[in-house]
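Build out the structure end to end from the sequences listed, making use of the hints.
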Amino acid sequence: MRIILYEIGKLFNWKVIGLLFLLSFLFYQLFLSFHFEYFPNGRPAGDHFKITKQMIAKYGPEMNKKEYENFKKTYEKEVNKADKYVASQEEFANAGITTYEGFKKFDRPSNPELDNLKAEIIFKKEIDIFWELQARESIMERYEHFEERTLTNRYIDNEEWKKEYLNSESRHSILPDYVIANFSNLISMVGILIVLSVIIVVSRIHIIEYQNNAITLQYTTMEGRNLFKKKLVAAMVTATMITTVYLGIFFQLYAQNETSEFFASSLFSFEFNGHYWLDITFFQYIIASVVGVYLLSFVTAAISTYLSRVVWSYISLIGSQIPIAVVLILLIKEYLITRMFGMQYPVYLTIGTYIGLLLIGGAVLSFRWKKERIIDIV
Amino acid sequence: MLVMNQVSKKFGNFTALKDVTLEFDNGIYGLLAPNGAGKTTMIKMLVTLLFPTNGEILYDGTDITTLDEEYRNVLGYLPQEFGYYKNYTPEKYLMYLAALKGMEKNTAKQKITELLKLVGLENVTNKKLKKFSGGMIQRVGIAQAMLNDPKILILDEPTSGLDPKERARFRKLLNVLAQDRIIILSTHIVSDVESIANQIIMIKDKKVLYKDSITNICEILEGKIYETEVEIANAESFRAKYFSIGERQERDQMTFRFITEEKAIDPAWRNVRPSLEDVFLYIYQDDATLAGSTV
Ligand SMILES: Nc1ncnc2c1ncn2[C@@H]1O[C@H](COP(=O)(O)OP(=O)(O)OP(=O)(O)O)[C@@H](O)[C@H]1O
Ligand SMILES: [Mg+2]
Chain A
1 MRIILYEIGK
11 LFNWKVIGLL
21 FLLSFLFYQL
31 FLSFHFEYFP
41 NGRPAGDHFK
51 ITKQMIAKYG
61 PEMNKKEYEN
71 FKKTYEKEVN
81 KADKYVASQE
91 EFANAGITTY
101 EGFKKFDRPS
111 NPELDNLKAE
121 IIFKKEIDIF
131 WELQARESIM
141 ERYEHFEERT
151 LTNRYIDNEE
161 WKKEYLNSES
171 RHSILPDYVI
181 ANFSNLISMV
191 GILIVLSVII
201 VVSRIHIIEY
211 QNNAITLQYT
221 TMEGRNLFKK
231 KLVAAMVTAT
241 MITTVYLGIF
251 FQLYAQNETS
261 EFFASSLFSF
271 EFNGHYWLDI
281 TFFQYIIASV
291 VGVYLLSFVT
301 AAISTYLSRV
311 VWSYISLIGS
321 QIPIAVVLIL
331 LIKEYLITRM
341 FGMQYPVYLT
351 IGTYIGLLLI
361 GGAVLSFRWK
371 KERIIDIV
Chain B
379 MLVMNQVSKK
389 FGNFTALKDV
399 TLEFDNGIYG
409 LLAPNGAGKT
419 TMIKMLVTLL
429 FPTNGEILYD
439 GTDITTLDEE
449 YRNVLGYLPQ
459 EFGYYKNYTP
469 EKYLMYLAAL
479 KGMEKNTAKQ
489 KITELLKLVG
499 LENVTNKKLK
509 KFSGGMIQRV
519 GIAQAMLNDP
529 KILILDEPTS
539 GLDPKERARF
549 RKLLNVLAQD
559 RIIILSTHIV
569 SDVESIANQI
579 IMIKDKKVLY
589 KDSITNICEI
599 LEGKIYETEV
609 EIANAESFRA
619 KYFSIGERQE
629 RDQMTFRFIT
639 EEKAIDPAWR
649 NVRPSLEDVF
659 LYIYQDDATL
669 AGSTV
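Top to bottom, those sequences are chains A and B.
Just so we're aligned, residue 1 is where the first sequence starts under this note's numbering, counting upward by one.
Just so we're aligned, residue 379 is where the second sequence starts under this note's numbering, counting upward by one.
It is worth saying that the hints were derived from the structure and are not from the lab.
A portion of the hints provided could be inaccurate.
[Stated by the list, open to error] Taking lysine-lysine and the DSSO-like style, the derived pairs with C-alpha atoms no more than 30 Å apart in a straight line are:
| # | chain 1 | residue 1 | chain 2 | residue 2 |
| --- | --- | --- | --- | --- |
| 1 | B | 508 | A | 229 |
| 2 | B | 641 | B | 396 |
| 3 | B | 388 | A | 370 |
[Said to hold, decoys possible] Here are the computed distance ranges between Cβ atoms for each label pair:
| # | chain 1 | residue 1 | chain 2 | residue 2 | range |
| --- | --- | --- | --- | --- | --- |
| 4 | A | 322 | B | 381 | 49 to 59 Å |
| 5 | B | 391 | A | 322 | 49 to 59 Å |
| 6 | B | 509 | A | 181 | 51 to 61 Å |
This structure is a prediction, so every number in the text was calculated from the model and none was measured.
Virtual Cβ for every residue (Gly too), placed ideally from N, Cα, C.
Rendered as structure tokens:
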């Protein structure tokens, strides 16, 4: 235990910690802050967000056919309110426009003055009801057509599965697509940040000994070559620490997006155009992403530990880590974290890639350990 | 007892050591050979860093690879170039190595205080190692080798980089440590081992040439070492004729110390007692690595 603490201690110095801060700051500024500050992004997304939350409060995570009738009634009531508002606007009344329907359909060229007025009502005064109605209409549009959208989806070619998918109760789940997209964007950038940080910290684990010429001394102590295993534990503990700290901070920040109402909603939501393989809730999806990030962090730590032992200089270490980092980043952005379980890729590809990466990490380490025990330390 | 039995070491096609058979009992052994002779190779096999290509190394009858950590537990080693972390203090550094040596924290603390005092570093325990001189670092190295009170202490050129004063100090220290253990110390500097080693091991042509006490080794040259004065003008021809191992200039004369096997000797020659240095120079006279060295 003491040895492991010493090994962890050696990984962190002020230069490394400074580099982590710098990298995190850059990532926050470039890739993360936007998704916190502009979520949901403007109108009517904000109205949509508010309304779906109200729906969940009223109907639960799913909206069945009966509840949908209720939703339509609410919509009509809101339309009535909008009618009254339109009728109360003299300029529109004079032009013969007295209903929301007319207001909505009214288009520019015929009367530019009135057109300006419409824009003013919507964009300047930001009369809520017009935005909200727009959001409600899009919800209704999606709810009514999700079956057709499913049937024409090019990713689903298994008829049986298609039926199962359509008949699933979860197809009525209320979960706006931008909620998932927002989280997915954030967590994949955080995942990349974690992978890079683990590379920066853990990659030094053996090469510091080589560079300081300490291996001859270490390997002749009682601990001896077993130090390789202790260092591996130190690497994994470090990776866990880095991942936990980053994720902890991330979820603190993510809390401000206030999406917890959707935690119980399924990924099969009628709101989606993109589809997911698994009927899991948003919360389970978050957990799956977190597990994915931890696994990637361990794989990165394993590969970094291995490379750190087999390269001879910092330059070749960086040289060999760059392609690995690039591949991991691409995989994360493609399907390991972003679009995790998305129908664009076979679900077995995601799971298979994770297993494959873990196997590679385990294989290089066990290969090296076998060699480490019998190698001449020259 | 530590035994090397028919040990050979090859690096690829290159043979560094061949058929080395040696026995070590308690006492100080000086491994004396010029650069590149294979001292480090031999030592690295004794400390389990290199594995013999052929042969075996036994400690109390068991192969040291089988003994594994049991063997390393009684081992103290100072590598030829030893590594340290420049931002560590000697105390932290020694605590780390004590942990690797499986020592209890409190035992280690006590031992470290004791050892730092022994090597005269008790006043700089909290200074960073990067501020240490070469001699101080070397003393830290000796302290770390002694941490676990080893039964076998192996030092690879421990005096390289030390000034004469530090060397003398080091020899004194070794005498203190010499009880009840095997100490093997490699060097190519004769004076390092001359006064302290019980036995000298010399390696030549990848093999052990001698393993004997200094007195016995010096007997090889008994009656063959002479000193004489030669006119400076004749120095050149004298050098060509005899194997000079030392010369000193005094006014217009040179005093030569030289080796000869001639029976008919000049009455002006004074027979002197051979020293270890004489033997060293004699043995390695045709060794390329010695060319250009001054005596
Ligand atoms: N890893 C290696 N690969 C190939 N040859 C090696 C290796 N290590 C040592 N040698 C060769 O083995 C021979 C003995 O080297 P070694 O380091 O044991 O000598 P040494 O007596 O310790 O010399 P020095 O006094 O310079 O330390 C040298 O010729 C060296 O070049
Ligand atoms: Mg050497």
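Please work out if residue 388 of chain B and residue 370 of chain A have their alpha carbons no farther apart than 30 Å.
holds (21 Å)
Between the beta carbons of residue 391 of chain B and residue 322 of chain A, is the distance compatible with 49 to 59 Å?
Hint violated: Cβ distance 36 Å, outside 49 to 59 Å.
Tell me if the beta carbons of residue 509 of chain B and residue 181 of chain A are separated by a distance inside 51 to 61 Å.
Check passed, 56 Å falls within 51 to 61 Å.
Straight-line alpha-carbon gap residue 641 of chain B to residue 396 of chain B, limit 30 Å
Violated, because 36 Å separates the two Cα atoms, which is more than 30 Å.
Is it true that the C-beta distance of residue 322 of chain A to residue 381 of chain B lies inside 49 to 59 Å, as the hint says?
holds (50 Å)
Between the alpha carbons of residue 508 of chain B and residue 229 of chain A, is the straight-line distance 30 Å or under?
Holds, at roughly 29 Å.
Hints 2, 5 from the earlier list are contradicted by this structure; the remaining hints agree with it.
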